[in-house]
Amino acid sequence: MEGQVAAGWALLPDYLSQHVLLSAAALGLGVAISLPLAVLAARNATVRWPLLTFAGLVQTIPGLALLALFYPLLLALSALTQEAFGFRLQALGFLPALLALTLYAMLPILRNGVAGLAGVDPAVREAADGVGMTPAQKLIKVEAPLAAPVVMAGVRTAAVWTIGAATLSTPVGQTSLGNYIFSGLQTENWVFVLFGCAAAGGLALIADQLLGLIERGAARRQAMPAIVGLALLAFGVAAAGAAPLLRPTAPTYVVGAKNFSEQYILAELISGRLAAAGAQVGRRDGLGSAIAFRALEAGEIDVYVDYSGTLWTNVMGRKDTPPRAELMAELTQWMAKEKGVVVLGSLGFENAYALAMSRRQATALGVKSLDDLAAHAPRLTLGGDLEFLSRPEWALIEGAYGLRFGQERSFNPTFMYRALSSREADVISAFSSDGRIAAQDLVVLADPRGAAPSYDAVILISPKRAKDRRLIGALQPLVGRIPVERMREANYAVDRDEGKVSPAEAADGLARAVGLRPLQAVSP
Amino acid sequence: MAEAPAIEFRDAAKAYGGRPAVDAVSLSIPAGQFVAVVGASGSGKTTLMKLVNRLAEPDSGTVRVAGAEGEDAVTLRRRIGYVFQGVGLFPHMRVGENIAVTPRLLGWSRADIEARIGELLDLVSLPWSYADRFPDQLSGGERQRVGVARALAARPRLLLMDEPFGALDPITREALGQATRGLHEQLGLTTLMVTHDMQEAVLLADRIVVMAAGRVLADGTPRELLAGHPDPAVVALMETPARQARTIAALMEGR
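Taken in sequence, the protein lines are chains A and B. Numbering-wise (the working numbering), the first sequence opens with residue 912 and increments by one. Numbering-wise (the working numbering), the second sequence opens with residue 8 and increments by one.
These are calculated hints, taken from the structure and not from any lab test. Among the hints, a few may not be true.
[Said to hold, decoys possible] Stretch-level coverage of chain A by chain B, calculated; a stretch enters the list once three of its residues show a Cβ under 8 Å from a Cβ in chain B:
| no. | region |
| --- | --- |
| 1 | 1033-1040 |
| 2 | 1053-1065 |
[Claimed, not checked] Here's a subset of chain A near chain B, in silico, CB distances under 8 Å, partners left out:
| no. | residue |
| --- | --- |
| 3 | Gly1043 |
| 4 | Met1044 |
| 5 | Thr1045 |
| 6 | Gln1048 |
All of these numbers come straight from a predicted model, not from anything done at the bench. Just so it is clear, CB atoms sit at the ideal spot from N, CA and C, and this is done for glycine as well.
Looking at chain A on its own, in the form it has when it is part of the complex (with noise of 0.2 Å):
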């Protein structure tokens, strides 16, 4: 527990001066582009519907959802900017969550920006006009200082909800307070979902009290509270960007993890590896499936950890199931011919995607196999991970036996564990490599048809370090080096409720079992 708080605090700085930044670019770039439409708006009754809809509509959409959206959008954009002009955009980190964050602060602006104005005195506008303000004049002296306070209650509402959708860009990597959240949710360390959470929610609430005093002064005409609030922003702001300046070096090589366990644990493992080749080594966690290969394609990660029937299935697209070793083969070579991608090697052991039950309720149905469980299917209910019952994996299996279940849920990994206990699942899609499967004496149900591909955990490298011998001499050394039963050590490491360690330490115990140099001077 202190250990925990302690490792919050270490990571902080980074998180929040990320925060910080990310929020105040958003909200900068949000009411620059809302207060002109604002003003277009009131003035014109045609194109304020449309806007306020528009804007309305978006914050409809839920803020992941929002922020995933961009990746896809901007990867396009990137595409395009690099034959017309030769650069990339970056499609991941700060850019897309930039973007999502500007959309969702515009509404309160420019709802509170056409209320404001249109809420000045008829008399005063007409006043206005009667001494010879030009149309510009009449904006900048009387309608803009009337409609101020209005404008800043916005202002104020779309920082305290930009600061709280920050938090969800960690997923398409950019560095958040909602790392705490996403690792903390992910690893069960409820000490840092609290930490993130707390850090967000006095974020938002100081920014909201420094706008609040600018708003108190636009309200009652006075300097000097609007001055010392717009001061305090101000150093917040730049104490921020000077953050990073305090950081050693921009980093050599950028490790990328998806969002569970297993990838904490191993990103920390090629991260400490990396390291002590002397590297400077960044960290992308928490992505989505799809963004972390996509990413790595684009450069944007240098290394991550994939599965073999993952990407078989979702990026080669393969519907076939090939025996282990000729999948790997066709695999390693299709990447490096289609997408310039080196899958460096298995790292000995698969994380597939099988169904799991609990012994007690196998055992009571007589279910052995997936082909038993077709017969009882229509009385159950399934638990799928949050991607699994849309992923092709899952047609595949579904097909091959035709499983029809009573009942679809979608649960986070670690409540979709939960759920099988509790009986809101009795089925559940575990991953094989797994810990709490051995912890919750469930069975694994044998899939004798060979419907799902294997899953080889393999390591994969962006094509612009295919030739990096640093890189590669660091982590050759994984391939083939961690049985599944270590791994599974390590992942109820993390994962179970009870002395639990964090993902770097069970990397280091993960090192130490299958005899590799430990782990030294990692992030905690």
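Take the given structure of chain A and dock chain B to it, following the hints.
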């Protein structure tokens, strides 16, 4: 050669949403005259005034302001003082800033503006310390004085007043009316005042224009109109101040 009129309406017409507000009005107002435009609500008197400083543009006919040929509306308005119905002070500006607004738009020097604020506060009989107050710290009468000061700030030759004293108590109203008439003389203004108060019109103006349904119903000196008019509506309007005067006179004589 006679001096050109300060304001001249020729068949000026203005309609809002198909309903005529000012209907083919022709009027000539010589320089130096104090004219009261009277009529019921909706008679078109405020629109008539807005045609002068082009807050409203005529649909047909012309409105000429002396010396303003070919000028754009913004330049014209800076040369015309306007006292608004309901005051229309800028609530976010101090009294001094309100008064200085047109001189500032005209690019006067800071020193000239400072001096002018003092002059105008004197002119409307307000202490100089009021320059630093906000409008909501003033009484209704004080606000209206500031409104007059603002209208006169850039030394206009022409003063337009739209129901300037409508919301004030009778004593303040009388005093401000007299003060305005005094300023009119002192500064040699041409003044056009819209009011629905016939007594005010009779007591302050050189000439009264009675409007109804966008047309000029009667046009003459207070004495001429009080003496009688062929239109019974005009007679009825003029009857009010005349009857009040007779009643007061009778009371004074103790009958």
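Legend entry - Hints the structure fails to honour: none
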